[in-house]
Amino acid sequence: MFIYLPHHWIQQSVLIFIIILRLFLLHLPPIHTYFIEIAFKMADSIASASNSGAESIAIAARRAFEASQLVDPSERDVALKAIRETLQASKDEILAANKKDMGAAEALAATGKLSYSLVSRLDLGRPGKFEAMLQGISDVAALPAPTGMVTFAKEIGPELELHRVTCPVGVLLVIFEARPEVVVNIAALAIKSGNAAILKGGKESINTATVLSSLISQALARTSIPSAFVQSVSTRSEISSLLAQDRYIDLVMPRGGNELVRSIQNNTRIPVMGHADGICAVYLDKSAVQEKAIRIAVESKIDYMAACNAAETLLIHSSLLTTVWPAVASALMSNSVCLRCDPATLAALRDASIPEASKFVTASSPADYSTEFLGPTIAVKAVESVQEAIQHINSHSSHHTDSIVTEDEASMSAWCRGLDSANCFVNASTRFADGTRYGLGTEVGISTGKTHARGPVGLDGLVIYKYMMRSKKQDGSVIADHEKGGKGYTHKDLVKGEALF
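Numbering (our numbering), first residue to last: -17 to 483.
Because the hints were derived from the structure by calculation, they are not lab data.
Incorrect hints may have been included.
[Said to hold, decoys possible] Derived lysine-lysine pairs resembling DSBU-like cross-links, with alpha carbons at most 35 Å apart:
| no. | residue 1 | residue 2 |
| --- | --- | --- |
| 1 | K469 | K341 |
| 2 | K341 | K111 |
| 3 | K111 | K82 |
| 4 | K455 | K469 |
| 5 | K454 | K466 |
| 6 | K82 | K185 |
| 7 | K185 | K73 |
All of these numbers come straight from a predicted model, not from anything done at the bench.
Please model the entire structure based on the sequences and the hints provided.
Dropping the structure here:
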């Protein structure tokens, strides 16, 4: 039973508790009292220092953001070029730091204290990954500036114009786990979009993230962008304090597992944009062609199993159980993927007498269809229609990315209209759900929420807008010119040209 207690009752109860505690301390031996008081003072001091440090970081970010708004937007590209050049020249230093992180992570994984999927995300030395990180900076720099764009223009009255113009969100707090390249991705996107950023990486990537952050600050110091425009923090206590800085921080963007995202959402008043899980599905419709089904289902699962856009669920139309399904299952098993099957798909594989089935196939549980495996496992289920597939995904998925394999136009239309997902694909791998592949440049993450940004969040997702009004009348404009016997409003659409200022 929930009992509501008036606020003044709670205050009185707390006061009584403090009085009782103090009386209790008076009856303890002096030495005990001394140590308890010292403990109280130390705790207060630590909490105060943490809060003070977090507030200082947040204030510095806010001031850097405000100062940057008066810098010519072209200077942002100059800063991005400086960052790329600095990182390129410091490749050996960066990879040496990453090697330390990898060694520690692999040791933890060997003892079962860290998942190998997390270790995979950490590796910046994987072929092409460092180069892709640098290319991401250049890609962002080459994109049109997302700020200062007029999205609405109207004449309110004679010589009175109103424009809606894109502008930065403000100060971003970005929290991520093992991906060290996120430091660079976010820095590039923040600078290009005019947002200041405070970054917190996981402890697994602390050496790499520290070096990258330091190099970015060094590069910014040589440009017109304030060096505090991109900052990093390293401890969990700092994050707890930063999550309370809603006066200075405008948006929290977590990148990581479900536990991380949910924890942040439950512990801040600052708006949170991101996704908690990447439970993506591929549905093989009744008209699915076998080779196409194999190609899409296999890549969606195995291309990069630790990614949030990897397939975790495979839905099969019941008419394909004895034809396409055994071939798709064999292709997945040949890539060492374990299949957790419902009774219908399990029975079909037994009837097909596939040798590998005894090793890779097990019965599914209800929880499997709501699980992000991040590894060589996929949950499989038979459905009777595209409508049932849509219903299953809307009920069990994370609304991230889902793909249908079909030749039927009606099924394609139903899929894209009926799915409540950020990315709805037809005959395409779920792995396409990525800002770079969309041509958005590097991404800050993928949003599955219902806020201003959804899907891969690139530059467009890091801007909001403001309304700018300008009167050209010699004596200015007041509403009395248009109301209370005035001439009224014209409300004529204008060409969306350059911003007023």
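Exercise. Where does the structure disagree with the numbered hints, that is, which hint numbers, in rising order?
Worked result: Checked against the structure, the only hint that fails is number 1, while the rest are satisfied.
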